[in-house]
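As they're listed, the protein sequences go chains A and B. Counted from 1, the first sequence has number 12 at position 29 by my numbering; the numbering is strictly sequential. Count along the second sequence from 1, add 18, and you get the number used in my numbering.
Quick caveat, the hints were computed from the structure, so don't treat them as lab data. Here the structure is a predicted model, which is why all the values come from computation and not from measurement. A couple of the hints might just be wrong.
[Claimed, not checked] Derived DEER-like restraints, expressed as beta-carbon distance ranges:
no., chain 1, residue 1, chain 2, residue 2, range
1, A, Val69, B, Gln128, 46 to 56 Å
2, A, Asp48, B, Val205, 34 to 44 Å
3, B, Asn240, A, His56, 16 to 26 Å
4, A, Asn(-12), B, Lys91, 35 to 45 Å
In this text, a Cβ means the ideal position worked out from N, Cα and C, and glycines have one as well.
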Amino acid sequence: MAELNVSVVSADHEVWSGKAKQLIARTTIGEIGILPGHEPILAILAAGEVRVTDENGEIIRANADDGFLSVEHDTVTIVARHAELV
Amino acid sequence: MGAQLRVYRQKIRSAQTTKKITRAMELISASRIQKAQQRVAASGPYSRAITRAVSAVATFSNVDHILTTEPEKIERAAIVIFSSDRGLAGAFNTNVLREASELAARLHGQGKDVVHYLVGRKAVNYFAFRKRQSEQIWTGGTDAPEFETAKEIGDALVAKFIQPASEGGVDEIHIVYNRFVSMLVQVPEVVRLLPLEIVEGLEAPAANEVMPAYEFEPEVGNVLDALLPVYIESRIFNAMLQSAAAKHAATQKAMKSASDNADKLITDYTRLANNARQSEITQQISEIVGGADALGSAK
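Taking the hints into account, I'd like the entire structure generated from these sequences.
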């Protein structure tokens, strides 16, 4: 099965990166779920939680604020000025 | 002759004290380079991700936005110069200032007005001494740049960029900074931030390839509006970190050669002092021998 390459970065360090099955983030107009094969998207993040389901089905939670979500070719990047794992 | 010896000893002592200071400064910068380098590396993913996103938008969408389109006529350009607060770093500040004045001359040649934004006390002093105007200055934080400062600079630049040229706004933003290549090499770099010049990290789509249609949430205009300041900030923060790392490396190099020079001076003066002491002794002996002879023959 196809996988997502996810990286969550904040202004001064990389918070988390790895392969994932699914990612849920909160944008300014609501929550969005990303699965492998998603169309390219660039969205503004709203303050909130990003949930990443990794290969083993474990859920990684991170708080992100003030940033962007970009998806292209199964590469998901969350860039936020402030981001940290919960 | 005794006076000569005293002068040499004084010079040796002075060189020794100088060496102590330069050696200490060398060690201090050496320890700070590591940290500065780590910060450059740590900020890498963020600025890469942002640049990638901006490039993607510029490459894959044909949206009319201030970020992606080049104005027909550029009236005024802004140059941001990243220097350091302290000197003793060899040609560090000279290089970046020379590069900046070349750029300013080139822009003037193209009939553009140039406004300067200065970061670091050295650039401010350089401008003050030559009585040149600058738009805004930031000093005091070049050794360990804060993201807040980058945000401040970014906000000021974006505000100017959005303003129409007739009201004093700028149409172009350049930055000049020292890029940290290695411990030994720091290169002054000129980058045009806006309008976007280079599309980094992405190959242009081949002619027969279908361009992925980008979705934007909420609206393409809003996304680009939000992306612009973040992009500028991240580039500026990266430049500040690079400049800080380069400054420490330059200081270390300059202080190392200063310590080496002090070593050489000490050796040279020690030789001269030994010579002087020896000739003093020789003279004393010949005086004593001469005196004894004179006394002996007077009997």
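Comparing the hints with the structure gives:
1. Taking the beta carbon of each, valine 69(A) and glutamine 128(B) are about 52 Å apart, inside 46 to 56 Å as hinted.
2. For the pair aspartate 48(A) and valine 205(B), the beta carbons lie near 36 Å from each other, so the given range of 34 to 44 Å is met.
3. At roughly 24 Å, the beta carbons of asparagine 240(B) and histidine 56(A) sit within the given window of 16 to 26 Å.
4. For the pair asparagine -12(A) and lysine 91(B), the supplied restraint of 35 to 45 Å holds, since their beta-carbon distance comes to about 43 Å.
In the structure shown, no violation is registered for any of the earlier numbered hints.
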